[in-house]
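> Listed here are the chains, written in short residue letters.
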Amino acid sequence: MTERTDRGLSPRRKLYDRTLRVLLWGAAGLTCALLAGLVGVILVRGLPHVTWEMLTSEESVLKGVIGILPNIISTLALVAGTLVIVLPLGVCAAIYLTEYARNRRLVELIEFATETLTGIPSILFGLVGMLFFTQLLGWKSSLRAGVMTLVIMILPTIVRTTQESLKTVPQSYREAALGLGSGKWHMVRTAVLPSAVDGIVTGCILAVGRIVGESAALLYTAGSASVLIGSVGQLLPAAGGNPLVALFLWLKKLYTTGGGSLTVALYMYSMERGKLEVGFAIAAILMLITLLINLLAKTVGKKLRRE
Amino acid sequence: MNEIVSQPQVKKRAPSQPPAAGRRGAREVLERLMHGLFFACGALAVAFVLFISVYLILSGLPAIREIGLWDFLSGREWAPTHQTEPRFGILPFILTSVYGTAGAVAIGVPVGFFTAMFLSKLAPKGVAEVIRTAVDLLAGIPSVVYGLIGMTVLVPAVRTAFGLASGATLLAAVVVLSVMILPSIISVAETALNAVPKEYEEASLALGATRTETWFRVSAPAASSGVATAVVLGIGRAMGEAMAIMMVAGNVANMPGLFRSVRFLTTAIASEMSYAAVGSLQRNALYSIALVLFLFIMLINVILNGFLKKKKEGGRT
Chain A
0 MTERTDRGLS PRRKLYDRTL RVLLWGAAGL TCALLAGLVG VILVRGLPHV TWEMLTSEES
60 VLKGVIGILP NIISTLALVA GTLVIVLPLG VCAAIYLTEY ARNRRLVELI EFATETLTGI
120 PSILFGLVGM LFFTQLLGWK SSLRAGVMTL VIMILPTIVR TTQESLKTVP QSYREAALGL
180 GSGKWHMVRT AVLPSAVDGI VTGCILAVGR IVGESAALLY TAGSASVLIG SVGQLLPAAG
240 GNPLVALFLW LKKLYTTGGG SLTVALYMYS MERGKLEVGF AIAAILMLIT LLINLLAKTV
300 GKKLRRE
Chain B
0 MNEIVSQPQV KKRAPSQPPA AGRRGAREVL ERLMHGLFFA CGALAVAFVL FISVYLILSG
60 LPAIREIGLW DFLSGREWAP THQTEPRFGI LPFILTSVYG TAGAVAIGVP VGFFTAMFLS
120 KLAPKGVAEV IRTAVDLLAG IPSVVYGLIG MTVLVPAVRT AFGLASGATL LAAVVVLSVM
180 ILPSIISVAE TALNAVPKEY EEASLALGAT RTETWFRVSA PAASSGVATA VVLGIGRAMG
240 EAMAIMMVAG NVANMPGLFR SVRFLTTAIA SEMSYAAVGS LQRNALYSIA LVLFLFIMLI
300 NVILNGFLKK KKEGGRT
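If you're matching them up, the sequences are chains A and B in order. Following numbering that gives the first Met the number 0, the numbering of the first sequence begins with 0 at its first residue and continues without gaps. Following numbering that gives the first Met the number 0, the numbering of the second sequence begins with 0 at its first residue and continues without gaps.
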């Protein structure tokens, strides 16, 4: 094909063509090489240090054990807590924007606000979270302060992805529902939301990815502690033997105590304490989580497109 | 075909149909209630932005008032814990952030643009799919992981390559930042290049231009506002990154130089926050740095919005 287009070209144009083609392949190759190099280094240097003991214990200087279980629990708690709060908020906001809002000005204002929130660096979220939640409300460094900070940060992601998928719901569904005499809310609940579920799920996956990868917003809100808070069973006596009350007490304890996420632990181990091998082990775990999340998002996205 | 599809829907929905008569009042109330709820959630995003802006301004102003705006912005020395004469000049941080961002854009934009062009025009389908996956993955890697790699691979490499005492320099930070902004530049620029009408390219080819000439002299200018959006987005990302460059830039409050250890606006906030005493001028000055960073980001956002709006208007006409 190149021969055909090359024929009869002046040497200058031929050179232009060749150079740019080389540059195009080069840039794409560089991008791939970067990724391959990054993933390679992390996995090769990190995976050998990932041990079962590390994943299932907390750090103990006495026993000479390094464990990241508290950080894993903190990360999971942050993800769960944030999604529980942000998901209803974000989905409802998106419903308002696509289904209810009549005033164009208002829609533009809200969309400008979500755009702005997306652009604000996470360190600023962390700072405001620290000032407001940990100091003004007196929550100290705790997972709930981290969760609330993340809620503000993640909201635009959920709103945007939900909005996109609501927009793909055919107008005829809405007309059919309304034509059958359903009210607006009934129409949203029975006709619009079920067809938009895939998009909402994609938004959730993206949000999980962002939360797991976040560090700057968490360092001064959720803190960097890595201590286990004990099991639900230990709280049974205090709860009078009622397992549900014990679970509630445990959750309360979990979210009012500070805890460093995996990313914060990575930072602490490799920067503040110079334990690079632990840093790499955590990096390898984070890398595997990222791979998994990307894979999930892709499968769900593909399913969405097929429909 | 239509009937077959619509019939089961009718059947499915019929039982859950709310009874029209009798409970109309209750239904009305529910509708109102849900409308109010959805509106409240939508308004929340606006409330959050207002909350953050007001908070940053309120907490940032006291220190600026105490130090003096001009001294604060143009002071070349940052020594907040000095015993007798503490200095609060953040010019080094501002310049470092500006230079670092410019450097990252200078490297990241060409590579990103060429990769996007490759994906959009030249790449065979399979290859493009592989690269797109790679780009998505790059975007998902946590910033501390970039920092760790930078710290253990890039920093020593910079040290040996240039014979420095320490490799933790602005140069290392620029390289890390340029890799970090690459994914968003690629995906935004590719979307813009894909949106160029086929007719433009076909017309150019029919006039005897080669494919590369068409891509770079017809498609690229036609997609320029999208590419500009990608650049501004990259600037915003680079400006706001904190943890990764904290691990590679050396974190010393020097005036910027390619081979010097430097401190960015973001890392200035992050690095002293843990030990600056609450209520001290040092801590308040950190809030003021945050305010300066926030203003920079807002400026970038306004520019970005301008581009997006222009694109929308361009699309309509």
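Among the hints, erroneous ones may be present.
[Unchecked claim] The list that follows gives simulated cross-link-like pairs (lysine-lysine, DSBU-like), each with its CA atoms no further than 30 Å apart:
#1 A/LYS62 x B/LYS120
#2 B/LYS197 x A/LYS183
#3 B/LYS197 x B/LYS120
#4 B/LYS124 x A/LYS297
#5 A/LYS139 x A/LYS252
#6 A/LYS166 x B/LYS197
#7 A/LYS166 x A/LYS183
[Claimed, not checked] Partner residues aside, some chain A positions facing chain B, computed with beta carbon under 8 Å:
#8 VAL21
#9 LEU23
#10 CYS91
#11 LEU154
#12 LYS183
Source of the hints: derived by calculation from the structure; they are not laboratory data. We treat Cβ as the ideally placed atom computed from N, Cα and C, and that holds for glycine.
> Compare the structure with each hint and give your call.
Tested hints:
A distance of roughly 59 Å separates the Cα atoms of A/LYS62 and B/LYS120; the hinted pair therefore is violated under the 30 Å criterion. Restraint check for B/LYS197 and A/LYS183: not satisfied, since their Cα atoms lie roughly 41 Å apart, outside the 30 Å limit. Pair hint B/LYS197 plus B/LYS120 holds up; C-alpha atoms about 11 Å apart against a cutoff of 30 Å. Between B/LYS124 and A/LYS297, the direct Cα distance comes to roughly 17 Å. Compliance with the 30 Å bound is thereby established for this hinted pair.
Proximity of A/LYS139 to A/LYS252 is assessed by CA-CA distance (about 13 Å); at most 30 Å being required, the pair is judged to hold. Pair hint A/LYS166 plus B/LYS197 holds up; C-alpha atoms about 26 Å apart against a cutoff of 30 Å. At most 30 Å may separate the alpha-carbon atoms for a hinted pair to count; A/LYS166 and A/LYS183 meet this at roughly 16 Å. Using the Cβ-Cβ criterion of 8 Å, the hint placing A/VAL21 at the interface with chain B is not satisfied: the shortest such distance is roughly 10 Å.
At about 4 Å, the closest approach between the beta carbon of A/LEU23 and any beta carbon in chain B falls short of 8 Å, and the interface hint on this residue holds. With a cut of 8 Å, the hint placing A/CYS91 at the interface with chain B holds, because the nearest CB-to-CB distance is about 4 Å. Interface restraint check: A/LEU154 against chain B, minimum CB-CB distance 6 Å, threshold 8 Å, status holds. Proximity of A/LYS183 to chain B holds as hinted, the smallest CB-CB distance being about 6 Å (cut-off 8 Å).
Taken one by one, the earlier hints fail for this structure at numbers 1, 2 and 8, listed in ascending order.
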